[in-house]
Amino acid sequence: MARARDERRELEKRVRSVLLVLSVLVCLIAMGLWRADNPRLVQLRMAVADTLAPGLGWTAGPVEALSAMVRDFENFTDVYAQNRELRREIERLRGWRAEARALEERNAQLGALMNVRLAPRLAFVTGDVIADSGGPFSESVLVNVGERDGVSEGSAAVDGSGLVGRVVGVGERSSRLMLLTDFSSRIAVTIQPSGRRAIMVGDATAAPRLDFIDDTEDVSPGNTVETSGAGGVLPPRLPIGRVIAVGDGQRVALNSDLERLEFVRLLRYRPDRQIDSSGRILGPRRPSPGAELGAEVRPGAETSPVATPGRSRGPSPGASPVLDGGRG
Amino acid sequence: MRGWIDALVPESGQVWRALLVGLAGLVAITVEMAPVGTGPVALPSPDLLLLVLGVAVVRRPDCVPVPMVLALGLTRDMVGDMPVGLGALTLTAAIEILRARAPALARSSLVVEAITLASVTLAMLVAQILLMLIMLAQPPYIMALVRQWVLTLAFWPLAVFAIRGVMGIRTASGPVGARER
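For the record, the sequence lines run as chains A and B. Residue numbers for the first sequence follow my numbering, so the first one is 1 and each next one is one higher. Residue numbers for the second sequence follow my numbering, so the first one is 329 and each next one is one higher.
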């Protein structure tokens with residue numbers, strides 16, 4: 001009896017060590033695939049999230065209710081301060097309201113003069129935030145709308161007051177948003193009123209950094225920051241926040257409240273397809289004025305379809321997908 | 329050889345307990361992911377999955393099989409936006425360290441168990457940062473990881489209560505406990 005038990009224990013130990021080695025291998029391979037941004041792995045991730053999405057919804061309810069209770073209690077304790085703050089805010093907004101009305105009227109007049117027809121290109125779908133990343137490794141949330149609701153990779157996500165992030169993974173019925181504060185978030189922005197371009201870089205703090213501003217002289221705290229639309233991933237002119245000066249550089253105080261995300265709106269945006277070069281790939285190239293003066297044109301090089309595909313999108317202003325994309 | 333087959337077929341109580349632990353692990357993952365405080369300033373969620381598996385493996389090492397730990401770790405990595413495999417690797421390593429110490433911990437007090445858990449999770453944290461650096465990926469801020477570590481330790485008594493009190497997974501007395509020695 002004792003010998004059988006010993007034997008069994010020995011065998012269990014051996015099986016376990018084999019399993020252990022196998023799991024370490026699996027983890028290392030997974031890490032490699034993750035680092036290489038393997039598309040299959042991204043698909044698998046979203047498939048797993050899809051499967052777990054209903055369960056996440058169930059637990060999110062009670063846990064959210066509990067945290068709402070705690071938050072209500074906190075609000076209760078500083079209700080006087082909040083009240084005062086709100087009164088001040090109302091005063092300020094009254095002034096803005098008058099200004100907004102005047103502007104609206106003026107806009108309508110100008111629109112009528114110009115005979116403008118606005119094309120409704122933006123459609124949206126609203127989703128409920130069902131999970132967050134939880135850990136300190138990334139800033140992202142899962143939303144309960146996915147491919148079947150028309151969400152696509154790169155869709156912009158906004159809450160009531162501004163941009164929140166963009167879609168980086170789409171499952172059948174859920175999608176993952178990378179928030180603006182994630183380490184990998186890079187958004188091409190315009191700073192108004194100067195119209196300067198910059199890149200907003202997330203670094204896991206509440207206010208993302210502004211990088212590559214073409215002229216810092218024109219940019220001062222309080223200026224508004226909005227998406228520039230460069231790269232064609234995000235629609236232009238979505239509000240993001242205001243410029244603030246922190247220590248060495250400029251950062252953006254976000255309009256949206258990332259702490260209490262409950263619902264987000266995912267925009268379905270299709271930028272106009274622009275043709276920014278002549279159809280060199282399809283037909284024989286017309287001799288340009290420079291070529292006529294220069295050496296003879298070889299007939300073989302002219303019709304080669306492979307010669308210029310990389311350059312065909314060249315001169316379009318800021319059409320680099322890297323500006324808006326790039327994760328990892 | 330009958331010993332072979334016997335060794336690979338677990339007892340039924342063991343299977344049920346393992347299922348219970350696995351279910352608790354899944355619940356831990358979903359609670360961790362609940363969207364409470366989503367931004368960078370909010371408190372991170374504690375590592376509940378590690379707590380559940382760690383408390384269980386100290387009490388019943390035979391009810392926390394390696395493949396289950398791996399599957400739960402990978403699931404968490406995929407659903408949460410962790411580097412896939414990193415969380416699972418450190419989780420598996422931590423559980424194995426605790427498993428090796430389980431016979432000794434079963435005979436000592438809860439304070440010793442808490443200290444062991446604290447040092448194992450701290451080692452996990454260091455390993456995660458090192459692995460991220462080796463992969464040339466951006467590691468999270470150390471302060472953020474430390475905040476999560478403190479929160480995890482704060483939730484440990486709750487995990488002990490849930491596993492031992494509610495689910496009834498205690499240190500086995502008699503032949504099963506003696507077997508591990």
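For the record, the hints were derived by calculation from the structure and aren't laboratory data. Be careful, since some hints might not be right.
[Unchecked claim] Taking lysine to aspartate or glutamate and the DMTMM-like style, the derived pairs with C-alpha atoms no more than 25 Å apart in a straight line are:
id, chain 1, residue 1, chain 2, residue 2
1, A, K13, B, E339
2, A, K13, B, E424
3, A, K13, B, D390
In this text the structure is predicted, and so the values were computed from the model without any measurement.
Hint numbers not upheld by this structure, sorted from lowest to highest = Those not satisfied: there are none.
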